[in-house]
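**Q** Chain residues, written in single-letter form:
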Amino acid sequence: MWRWLHPYAKPEATYRLVEKLLPWFAALTFISLVVGVVWGLAFAPADYQQGDSYRIIFLHVPAAIFSMGAYAGMAIMGGIALIWQIKTAEWSIPAIAPVGAALTVVALLTGAIWGKPMWGTWWIWDARLTSELILLFLYIGVMALYFAFDDARTGAKAAAILSLVGVINLPIIHYSVEWWNTLHQGATITKFERPSIATSMLIPLLICLAGFLFLTISLVMMRLKNEILRHELGRPWAQQELEKN
Amino acid sequence: MPFDSFQDFIIMGGYGLYVWLSFFLSFVVIALVALETAIARKSLQKKSQQLQNRQQRLAKRQRSVSQ
Numbered sequence: 000m001w002r003w004l005h006p007y008a009k010p011e012a013t014y015r016l017v018e019k020l021l022p023w024f025a026a027l028t029f030i031s032l033v034v035g036v037v038w039g040l041a042f043a044p045a046d047y048q049q050g051d052s053y054r055i056i057f058l059h060v061p062a063a064i065f066s067m068g069a070y071a072g073m074a075i076m077g078g079i080a081l082i083w084q085i086k087t088a089e090w091s092i093p094a095i096a097p098v099g100a101a102l103t104v105v106a107l108l109t110g111a112i113w114g115k116p117m118w119g120t121w122w123i124w125d126a127r128l129t130s131e132l133i134l135l136f137l138y139i140g141v142m143a144l145y146f147a148f149d150d151a152r153t154g155a156k157a158a159a160i161l162s163l164v165g166v167i168n169l170p171i172i173h174y175s176v177e178w179w180n181t182l183h184q185g186a187t188i189t190k191f192e193r194p195s196i197a198t199s200m201l202i203p204l205l206i207c208l209a210g211f212l213f214l215t216i217s218l219v220m221m222r223l224k225n226e227i228l229r230h231e232l233g234r235p236w237a238q239q240e241l242e243k244n
Numbered sequence: 000m001p002f003d004s005f006q007d008f009i010i011m012g013g014y015g016l017y018v019w020l021s022f023f024l025s026f027v028v029i030a031l032v033a034l035e036t037a038i039a040r041k042s043l044q045k046k047s048q049q050l051q052n053r054q055q056r057l058a059k060r061q062r063s064v065s066q
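Respectively, the protein sequence lines represent chains A and B.
So the first sequence is numbered by numbering that gives the first Met the number 0: it starts at 0 and just counts up by one.
So the second sequence is numbered by numbering that gives the first Met the number 0: it starts at 0 and just counts up by one.
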């Protein structure tokens, strides 16, 4: 496995791999989001309690799950960067953080808009909402720290450490609905028993989840390509790459 | 299909504003990230071109000095 992985420590090799995979992930993103969103908006049945307002779930849940998933990915990259000093892992931190922050913003916005008709309020300082807001601040902190040093590698190390420390927030977000009293409903699909959601709603939700996974990967890949080129700007292969279009 | 007409679909049982607003805002946020990434690539192209021009100028000057 190491023999297979080692070439990707070379930035150009990683760039070529990402370049090859990106169109596939972009196509998967497009197909699954169109199918999932159209199915969820137009064909899934209305909820017997929440009526049609529940359709926000098809954005809210995937965005929230991958706001945490992206953070976990960023922390793993931070760990790899610290332990093995692999530059492409360092550069993936500023590639992932803005995407994760955007997903967090989407989760918070859709949650607020869903909360208004169902709870009667846009925002409440309860555990789930507050811990998700802290996730947004962690993303912003990681980005700020990454660019706060004159020496880029020092900044990358600091950002990697912060991203690892911030992992403590992930179980807090996930279990916040069990540990504290909250307006937010409990887990419906991320639990070990049978999901407590009708199959006719679960299928489009799973398609939207896949769509957001592919979307996250595609955006991160686009940004990682930029990060690699930014650091390799003086090299002939990067110059040729940038002249192509 | 849960909706009888297209108008029903837009109204969303009275929750139309909330549903469509959340979908619109989500799209805007994601599109901004994609747009920023595309702009960053354009500015990298510009920087790379400037760097190459500079290298060529320097090489030219070096040649004229050595002659």
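In case anyone wonders, no lab produced these hints; they're calculated from the structure.
Beta carbons are placed, not taken as given, at the ideal position from N, Cα and C, and that holds for glycine.
Heads up, some of the hints might be wrong.
Claimed, not checked - Under 7 Å between C-beta atoms, here's a sample of chain B residues computed to sit facing chain A: (1) Pro1; (2) Ile9; (3) Met11; (4) Tyr17; (5) Leu20; (6) Leu34; (7) Thr36; (8) Ile38; (9) Arg40; (10) Ser47; (11) Gln55; (12) Ala58.
What the hints assert, rightly or not - From chain B, some residues computed to sit far from chain A (all C-beta separations above 12 Å): (13) Ser21; (14) Gln44; (15) Lys45; (16) Gln54; (17) Arg56; (18) Lys59; (19) Val64.
**Q** Determine for every hint whether it applies to the structure shown.
**A** To see whether the hints hold, each was checked on the structure:
1. At about 5 Å, the closest approach between the beta carbon of Pro1 (chain B) and any beta carbon in chain A falls short of 7 Å, and the interface hint on this residue holds.
2. Residue-level restraint check for Ile9 (chain B) is violated (minimum Cβ-Cβ distance to chain A is 11 Å; threshold 7 Å).
3. Given hint, Met11 (chain B) at the interface with chain A, holds; its Cβ is 4 Å from that chain's nearest Cβ, closer than 7 Å.
4. Proximity of Tyr17 (chain B) to chain A holds as hinted, the smallest CB-CB distance being about 5 Å (cut-off 7 Å).
5. Annotation: Leu20 (chain B) was flagged as interfacial toward chain A, and the flag holds, the nearest CB pair being 6 Å apart, inside 7 Å.
6. Taking 7 Å as the C-beta contact cut-off toward chain A, the hint placing Leu34 (chain B) at the interface is violated, the least distance being around 11 Å.
7. With 7 Å as the threshold, the beta carbon of Thr36 (chain B) comes within range of chain A, its nearest partner Cβ sitting at about 5 Å, so the hint holds.
8. Because the closest C-beta pair between Ile38 (chain B) and chain A is about 10 Å apart, greater than 7 Å, the hint is violated.
9. For Arg40 (chain B), the interface hint holds, since its Cβ comes within 7 Å of a Cβ in chain A; the closest pair sits about 6 Å apart.
10. Because the beta carbon of Ser47 (chain B) sits about 4 Å from the nearest beta carbon in chain A, less than 7 Å, this interface hint is met.
11. The restraint placing Gln55 (chain B) at the interface with chain A is violated, with a minimum CB-CB distance near 12 Å, outside the 7 Å limit.
12. Taken as an interface hint, Ala58 (chain B) does not check out: its beta carbon lies about 14 Å from the nearest beta carbon of chain A, beyond 7 Å.
13. The non-interface label for Ser21 (chain B) is inconsistent with chain A: the shortest C-beta to C-beta separation is roughly 4 Å, within 12 Å.
14. Not every beta carbon of chain A lies more than 12 Å from that of Gln44 (chain B), the smallest distance being close to 5 Å; the non-interface claim is violated.
15. Against chain A, the non-interface label of Lys45 (chain B) is violated: not every CB pair exceeds 12 Å, the least being about 9 Å.
16. Consistency note on Gln54 (chain B): stated as away from chain A, yet its beta-carbon is not over 12 Å from all of that chain's, at 9 Å minimum.
17. With 12 Å as the threshold on Cβ separation, the claim that Arg56 (chain B) sits away from chain A holds: the shortest Cβ distance comes to roughly 15 Å.
18. The Cβ of Lys59 (chain B) sits about 18 Å from the closest Cβ of chain A, beyond the 12 Å cut-off, so the non-interface label holds.
19. Against chain A, the non-interface label of Val64 (chain B) holds: every CB pair exceeds 12 Å, the least being about 23 Å.
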